[in-house]
Every structure is written in structure tokens, then in C-alpha cells.
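Undergrad: The chain contents come next:
Protein chains: 2
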Amino acid sequence: MTTKRVGGSTIVYSTPPVIVSAATVAGPKESEGQMAQWFDELVPDDMFGERTPEKAERRFMEDAIKIALGSARVLPEQVNMIFAGDLLNQIITSSFTAEGFGIPFVGLYGACSTMAQSLTMASAMVDGGYADLALAVTSSHYQTAERQFRYPIELNIMRKSTSQYTVTGAGAALVGRSGGKVKVTEATIGKVIDMGIKDPNQMGPAMAPAAADTIFAHLADTGRDPGYYDIILTGDLGRVGAEILRQLMAEKGVPLGDNYSDAGILMFEGVRGTGVGGSGCACSALITYGFILKRMCQNEISRALVVATGALMSPISWQQGESIPCIANAVVLET
Amino acid sequence: MTTKRVGGSTIVYSTPPVIVSAATVAGPKESEGQMAQWFDELVPDDMFGERTPEKAERRFMEDAIKIALGSARVLPEQVNMIFAGDLLNQIITSSFTAEGFGIPFVGLYGACSTMAQSLTMASAMVDGGYADLALAVTSSHYQTAERQFRYPIELNIMRKSTSQYTVTGAGAALVGRSGGKVKVTEATIGKVIDMGIKDPNQMGPAMAPAAADTIFAHLADTGRDPGYYDIILTGDLGRVGAEILRQLMAEKGVPLGDNYSDAGILMFEGVRGTGVGGSGCACSALITYGFILKRMCQNEISRALVVATGALMSPISWQQGESIPCIANAVVLET
Numbered sequence: 004m005t006t007k008r009v010g011g012s013t014i015v016y017s018t019p020p021v022i023v024s025a026a027t028v029a030g031p032k033e034s035e036g037q038m039a040q041w042f043d044e045l046v047p048d049d050m051f052g053e054r055t056p057e058k059a060e061r062r063f064m065e066d067a068i069k070i071a072l073g074s075a076r077v078l079p080e081q082v083n084m085i086f087a088g089d090l091l092n093q094i095i096t097s098s099f100t101a102e103g104f105g106i107p108f109v110g111l112y113g114a115c116s117t118m119a120q121s122l123t124m125a126s127a128m129v130d131g132g133y134a135d136l137a138l139a140v141t142s143s144h145y146q147t148a149e150r151q152f153r154y155p156i157e158l159n160i161m162r163k164s165t166s167q168y169t170v171t172g173a174g175a176a177l178v179g180r181s182g183g184k185v186k187v188t189e190a191t192i193g194k195v196i197d198m199g200i201k202d203p204n205q206m207g208p209a210m211a212p213a214a215a216d217t218i219f220a221h222l223a224d225t226g227r228d229p230g231y232y233d234i235i236l237t238g239d240l241g242r243v244g245a246e247i248l249r250q251l252m253a254e255k256g257v258p259l260g261d262n263y264s265d266a267g268i269l270m271f272e273g274v275r276g277t278g279v280g281g282s283g284c285a286c287s288a289l290i291t292y293g294f295i296l297k298r299m300c301q302n303e304i305s306r307a308l309v310v311a312t313g314a315l316m317s318p319i320s321w322q323q324g325e326s327i328p329c330i331a332n333a334v335v336l337e338t
Numbered sequence: 004m005t006t007k008r009v010g011g012s013t014i015v016y017s018t019p020p021v022i023v024s025a026a027t028v029a030g031p032k033e034s035e036g037q038m039a040q041w042f043d044e045l046v047p048d049d050m051f052g053e054r055t056p057e058k059a060e061r062r063f064m065e066d067a068i069k070i071a072l073g074s075a076r077v078l079p080e081q082v083n084m085i086f087a088g089d090l091l092n093q094i095i096t097s098s099f100t101a102e103g104f105g106i107p108f109v110g111l112y113g114a115c116s117t118m119a120q121s122l123t124m125a126s127a128m129v130d131g132g133y134a135d136l137a138l139a140v141t142s143s144h145y146q147t148a149e150r151q152f153r154y155p156i157e158l159n160i161m162r163k164s165t166s167q168y169t170v171t172g173a174g175a176a177l178v179g180r181s182g183g184k185v186k187v188t189e190a191t192i193g194k195v196i197d198m199g200i201k202d203p204n205q206m207g208p209a210m211a212p213a214a215a216d217t218i219f220a221h222l223a224d225t226g227r228d229p230g231y232y233d234i235i236l237t238g239d240l241g242r243v244g245a246e247i248l249r250q251l252m253a254e255k256g257v258p259l260g261d262n263y264s265d266a267g268i269l270m271f272e273g274v275r276g277t278g279v280g281g282s283g284c285a286c287s288a289l290i291t292y293g294f295i296l297k298r299m300c301q302n303e304i305s306r307a308l309v310v311a312t313g314a315l316m317s318p319i320s321w322q323q324g325e326s327i328p329c330i331a332n333a334v335v336l337e338t
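As you go down the protein sequences, you meet chains S and P in turn.
Going from the first sequence to this note's numbering is simple: count from 1 and add 3.
Going from the second sequence to this note's numbering is simple: count from 1 and add 3.
Next up, chain S with everything else stripped away, as it sits in the complex (with noise of 0.2 Å):
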């Protein structure tokens, strides 16, 4: 068997599967930004029209879905099976929306790193030959996620001045054998990366050394130089969590250059109320899925390194004064 490890914890696809179709549905603040217009779907009512914003994520899911399909004229029986993960506890929005679709389903948590995760994880199963079509999808809420991670919207609690604030939308990707642009060549799986911070509105922060992680690992297994990207574009570091990055990324020896961005700066770039910037799983899968995706199919990027970055904490270890794992998934895309 040819191997297909370049070695470390870097897997390289034989056979690079494509991104046969792919489809964003942002919420009403999202679609407020200047990303808006690289989006496929953008909703006005953040409940789209339910009763409460859990139901109203799996709508955003639902959709995501549907484009995805829809636009690669695949009917969910022919999706062999389906990779998502959310941040609610037990996955519920995956959960259910997989159930609704009747495809075979794997269930991921990765929190915000989850793009990349179900990414890497559907174009293995296609590459593998255990998949002819496979989906990778995830998405998060605003409201769902303050719920639970900190406090119901209703107690309209303060916000700090390094707080990110949680997208609102979804991500899908249709991945198979052919019939796409854009290839998955390589991905890098994440260690779990723990600094010692415990402040859940500090995430960009806790994050960043998980960035550092797998990036200085992708690059050591390839062989490359941070330029070899024309972007290199991190979840949800944020502001304060990106400037951390590139700090830590030229200790390394390896700076960053002009081509990196964060999806959780660019999503609310002027967007007013947003803290230092985007956070949660629909925040790197609306800026890859949409703005990187579509222009790598314009011939304006051909080779991308996306580096989804997921805070792993739980309200209830975070009340147990445990600290934040945080972890990085990357995946390469060309042309």
C-alpha cells in the first residue's frame, strides 16, 4: 500500500477528492458585513420564523443542506454519509437534521473547528473508497451558543471588550469523486492544546497557541513556507486571538505574512456590536464554504490553507476552574 502520510499528524489524499457543491446560510448580523455577498443564503429572521433559536438552527442547517444538494442536483439518498457537528450539547442540531435527511450519519465535536474536521474526515471517506458522496456540514447560533456557554440573551448581561460573538448560519459541503473545481489535497488533525486560560471571553487567546500548533505541524510535514498559500485563514481567532498568532508563528520562525486571515475578523468587518470579531462553527465554514470557495472557482486563489479553530470547554469544567483545550483542525484546498 502507497502510504499516504507525509508524516506527523499530516494526511495527504491520493486521489484529492472535490468539493462537489457547497452552500452558506448566514444570519441577519452576517448579512450586515461585507462577506454578505459571497453568501448563498441570507435569512432576515435570526428565528426563521420558530419558536425558539434551537429549532431555528436546524433550520439554517436544513438549508445549507438543501442547497448544497440542490445545486449538484443529488438527492440525499445518493450521499452515502454525512459528517456534522454544532456546539450544542449532544449535537442536537446535527442530530436532527440528520434524521430528517435519512442519510447514514457520523457525528463530530470539534466546536468551532468543526469545518475542518467534518472536511477532513468526508474527503478520507470518499478518497478511502468508502464513500462515493459524502457530506461535511456544520453551523452555530447566536443565541443557542450564549445560552448555553454563558447567559440567556434575555439577562442582556454586559458584554467585555474581548468577547467574539457567535455567527449565526451554516455551512455545507458536498465532497466526491469528481464533477468540482476545487480539490482537498491535505488536511492536518489538531492535538489538543491547553495554555492554562480559563476566561470563556477570552477564546481568541486560548486559541491561538492550537493555531500555532498545526500550522508549524502542516508546514513541517509539507515542507512549506507559510507563502506557499495565497491564504491562510484561521476560524475565529478574532482580533486580539490573530495578533497572538502571528506573534507566536515569527517566535517559531515561520511568520505570517499578507496572506493571512482570520474568518472571524473578516465576517463582521464594520459590523457594529460584534466584539474583536466572529466565533463559532459557522464562522470559518461561512468564510471558506463562501468567500475562499467561490473565488478559488473566479481563478482569484488557487491554493488555500484553512485552520479551524475549536475552544473545547465546557460550562460545566469551566465551573470546575478548569482551564480551556483548544484545538486546530487545517485542510488544504486547490485548484
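Among the hints, a few may not be true.
Pairs involving identical chains hold if they fit within one copy or between any two copies, as the list cannot separate such chains.
Claimed, not checked - Restricting the straight-line Cα-Cα distance to at most 35 Å, the calculated cross-link-like pairs of lysine-lysine (DSBU-like) are:
id, residue 1, residue 2
1, LYS163, LYS58
2, LYS58, LYS297
3, LYS255, LYS201
4, LYS69, LYS255
5, LYS201, LYS297
6, LYS184, LYS163
7, LYS163, LYS201
It should be emphasised that the hints constitute simulated quantities derived from the structure, not laboratory data.
Got chain S sorted already, so can you dock chain P onto it with the hints?
TA: Relative to the frame of chain S, chain P by itself:
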């Protein structure tokens, strides 16, 4: 490329990976039953000397990994990735444990189906050439599960006659290309099935239709009948759920014979105060990696179909009046 799928939702490993080593760590109640003879470590204190049950659960998982690696003489840095999941919100047991070993981490959420889900993915990564060695790990703990899903045990709520008892323990399997007697040959990934049951004291009945769906799909995909297997083991249906599964399979025209067992029933046979049987991620993990695997190594079993069942409900969805979505994932073990 040779297709590795036989159709439907069953994947076939082209060069079946092997279980290089496995380990089971069981709590005090689990040590009282007849299955205890098959477990590697019996822990008399369910708190494992820790201050919180959440920390205790981690110790169970850590020990399972240590024993599995130790008996294979493999160092953590030789393992390419770890697939792990548990019942706790944000699978915090798995995240913290993965951090301690420094192995690239893919977090899964399949509730009590995680044992088969993680083994399926670890096997795919080895067979697909993406990993030389991959770990599949899961755990559960009576106290952490009660606190999260029902009531803190301090409230001393009366248990119902249909209640199951969450298994305290952890199981780990190290999957590789060679060096083991038991092969992982196939896997059937389940769909989410929801029959409208809303009572969290009725988990077995809620999960039985999912088990029936996956077993039926597996048999249809492979063209086999239940008699092909020396043992068909469901994860944690308990006495009530197992009886419902028998009825459902008989109605589908493929009745299960004497080769059918349920891990939840086996786990606590003759152990007082355990309701209709065990449940939790560790239930199928302990019985599979203990009882089944060791009997396979002793040539007493040569073909096993392990169908790990999971209830994907969340306390919040349940409080919002939603029913319990369930799943069952199957893996085939052969010598």
C-alpha cells in the same frame, strides 16, 4: 479504484485492519457481575480518588489508553490519531484525555454508539492508509451521566422500573495493519431514527428501532442472515429494548436467534439495583473489548456483529418537548 462499499450504508475494509490491543477499565458495580472476569482493570472506587466524578471518568479513560498502548508496547507519539467520545457535554472527558496523551484528536459524538463509531473511523483511517496506528476510545460514568441527563444523585430520585443503569468504565482499542488476531472487516453506519418516544427512562425501547434498522441494512447490504454470526451484540438496549428488537426483526422476516445478546443485559446480570440493564458508552465497549475480543482470541468466537446503540437526546431538546433521536452503528469483527 476498487470500490470498498458493498452498497447501502455498509463499508468494507479492503485490507481489514486488526485490533492490535484493547483494554477495559471497569467501576465497582461493573466488577460485581459475571463479566468482570473479562475486564483488564477493576476499580473499587468509582471516584478513582478524585474530587469530582468528571475527573474520575477521565482517569478511567486514561487507564484504558495506557493499558492498550502498554500491552502493544506502543508510545503515544507513535499513534497517528485518536477517535474518542463520551456522553458529557462537549465530550470533555475525551478532550482532556486526548490533551494528556498529545495525540492528534478527532472528537466524536454518538452517545452510547461511540464504541462502534470510533472503531469504524479508526479502521477506515488505517485501511485507507491515513494512519499506521489509530486509537478508538470511549467512556461513561454513572454519576456524571446522572448529573447531566437526569438528576444529581444527591437528590436520591426514585428510579423507574424501566430505567437502565449507566456503566462506569472505559474501553480502548488500538487499530493497526498487523499484529493482532481479530480483524475489523466491515461497518454499517446508522441513520438517525426517532419513533417519538420522549421519556428518558425508556432509552432501550427508544433505541430498539434504530438497532433494527442498522441490523436489517447490514444484512441486506451483505446478503447474510443473522446465523452468519456467532454473536450479534447490541450495545445497551436492556431487557425491555432487547425484547422489542427481537419483535421488530421477526416482523422484518429476519428473526434473531440464540446468538443474539445485549451488552446492557450481560453487564449487570445478577447485580442488584441496576434496573433493566446497563447503558452508557462504556457498556458496549467493555463487553466488546473484554468478553467478545478475548473469546475471539481464545477461538471461542470467530464472527461477531457488534451493534452499538445510542440515544442522541439532549436535556434541552427533551425539555423543549422533543422526542429522542437514536442511532445504531455496527462493526464486524472476525478472526
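Undergrad: Next, verify each hint and record whether it holds.
TA: Consistency of the hints with the structure:
1. LYS163 with LYS58: both (28 Å within a copy, 30 Å between copies)
2. LYS58 with LYS297: This pair counts as within: shortest intra-copy Cα distance 29 Å, inter-copy 45 Å.
3. LYS255 with LYS201: Close inside one copy (25 Å), not across copies (53 Å); limit 35 Å.
4. LYS69 with LYS255: between (43 Å within a copy, 32 Å between copies)
5. LYS201 with LYS297: neither (37 Å within a copy, 43 Å between copies)
6. LYS184 with LYS163: Neither, since 42 Å and 56 Å both go past 35 Å.
7. LYS163 with LYS201: Answer is within: at 15 Å inside a copy they meet the 35 Å cutoff, but 39 Å across does not.
Of the hints listed earlier, those the structure fails to meet are numbers 5 and 6, in rising order.
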